[in-house]
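The whole structure should be built from the sequences, with the hints applied where relevant.
One line per chain: the protein sequences are E and D, in this order.
According to numbering that gives the first Met the number 0, the first sequence is numbered sequentially starting from 0.
According to numbering that gives the first Met the number 0, the second sequence is numbered sequentially starting from 0.
In silico DSBU-like pairs for lysine-lysine, Cα to Cα no more than 35 Å straight-line:
1) 196/E x 175/D
2) 175/E x 177/D
3) 111/D x 27/E
4) 122/D x 122/E
5) 27/D x 122/E
6) 34/E x 111/E
7) 196/E x 147/D
8) 196/D x 196/E
9) 147/E x 217/E
10) 175/E x 196/D
11) 111/D x 111/E
12) 175/E x 147/D
13) 177/E x 196/D
14) 177/D x 177/E
15) 34/D x 122/E
16) 147/E x 111/D
17) 177/D x 196/E
18) 217/E x 147/D
19) 147/E x 217/D
20) 147/E x 196/D
21) 177/D x 217/E
22) 177/E x 217/E
23) 177/E x 147/E
24) 196/D x 177/D
25) 175/D x 217/E
26) 122/E x 111/D
27) 175/E x 217/D
28) 147/E x 177/D
29) 27/D x 27/E
30) 147/E x 147/D
31) 175/D x 177/E
32) 27/D x 111/E
33) 177/E x 217/D
34) 111/E x 122/D
35) 27/E x 122/D
36) 147/E x 175/D
37) 122/D x 34/E
38) 147/D x 177/E
39) 196/D x 175/D
Hints in this document: simulated from the structure, not taken from any laboratory.
There are 2 protein chains.
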Amino acid sequence: MNSMYQQLMQLPLFQGVSSDRITALVEKLPFHFLKFRNGEQIFAAGDQCTHVRFIVSGQVRLETQFDNLRVSLLQTLTTPHVLAAEYLFGRETSYPYTAVADGPCGILQLRKSDYVTMLGSDKVFLFNILNYLSSGSQRNCSSFVAIKENSVMDRLAMLMDTLVITGATDVVLRFKQKDLCYLLGTQRTTLISSLDKLVDEEIIDYDSNELRILDHLKLAEYINK
Amino acid sequence: MNSMYQQLMQLPLFQGVSSDRITALVEKLPFHFLKFRNGEQIFAAGDQCTHVRFIVSGQVRLETQFDNLRVSLLQTLTTPHVLAAEYLFGRETSYPYTAVADGPCGILQLRKSDYVTMLGSDKVFLFNILNYLSSGSQRNCSSFVAIKENSVMDRLAMLMDTLVITGATDVVLRFKQKDLCYLLGTQRTTLISSLDKLVDEEIIDYDSNELRILDHLKLAEYINK
Chain E
0 MNSMYQQLMQ LPLFQGVSSD RITALVEKLP FHFLKFRNGE QIFAAGDQCT HVRFIVSGQV
60 RLETQFDNLR VSLLQTLTTP HVLAAEYLFG RETSYPYTAV ADGPCGILQL RKSDYVTMLG
120 SDKVFLFNIL NYLSSGSQRN CSSFVAIKEN SVMDRLAMLM DTLVITGATD VVLRFKQKDL
180 CYLLGTQRTT LISSLDKLVD EEIIDYDSNE LRILDHLKLA EYINK
Chain D
0 MNSMYQQLMQ LPLFQGVSSD RITALVEKLP FHFLKFRNGE QIFAAGDQCT HVRFIVSGQV
60 RLETQFDNLR VSLLQTLTTP HVLAAEYLFG RETSYPYTAV ADGPCGILQL RKSDYVTMLG
120 SDKVFLFNIL NYLSSGSQRN CSSFVAIKEN SVMDRLAMLM DTLVITGATD VVLRFKQKDL
180 CYLLGTQRTT LISSLDKLVD EEIIDYDSNE LRILDHLKLA EYINK
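Here's what the structure looks like:
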């Protein structure tokens, strides 16, 4: 079995499928392997999500721009990850963020209609996507129901729990300070004392326009303890 | 076509499927129609979600108890609605709320494994569940990204947007006032002035231990404008 098949079998949504099945699919369906240079855009926020896209080599930087505030969230995904599979179907079928190659990077893509054919070819593919989407759908209900005090720290934790993809690294919030106050629903003095508390606990680091998550799990404990 | 088939065809997850297909499925798969008396429990929070369950007559009262606060959310669903289909798969496969018959009520249920067979029998079933789960998964990202100021009103709106099921009626939050302050991350005086503002706008009504949503769409505008 060559490395392409091994790569495919490690991808979320492909896990647990036999190599025979993968081989048959690769022969039958038009999988495309695309190469991107450092800094090249893979897709922009608002582009239609017409293909299921996987990172098969290198890494991708994602940027989510907030609608009403001068705040954006940056995060990095590496292989093996799928990109925004929850936007293939449902109410919103355009990408919520921009994806740019962070160094040379390889993307495997398959048209949505071919992916649907794939789902019909093996129950494992079907279970994988049902589990992926269901977990995404459950995620927020559980963090709201677990609220203990909805402090500024809790709000930051919930925001990150919602917008940061499981397994993402190098998570940075870029902001104008006034807008970060609006985002977290607080005044400047409370903002600073809350952030300083998180710095003391080695959960974040920040300066005048960037906040970096150092320990995502410890931040999540604010809402999941 | 008798009324049972008509009822089935109106159910979410069944919509758009031909009556011939429905007839064939009802003959092949063990659909169970269950009757519940007023006040009878259909399932409890924490029960395993082993069946896909639809309301085919009457209505059901759902109660979500918060984990760490003396707060619970009550809402009513009527026919045609599916109950918690996002908990059939994914990380969490137990019900997040208790469901009780509100007056006499009829539930149609199908085992999870038979539902998976159904998904394989027609692409329309597959698209229905993929759309349902994807929309659920997208829901919260969009409300976080749309934050304008994260006021107490915004927080109440986000909470309701996350936990209230589309189409639910008679939505009530039952609370101890101190715990409602924690839930919304505020002090008593700000809580009262925020709630009074929502009362003036005819969005909610409240007393010392209950808050009733009068206009869900207008409340949602706090986060979706």
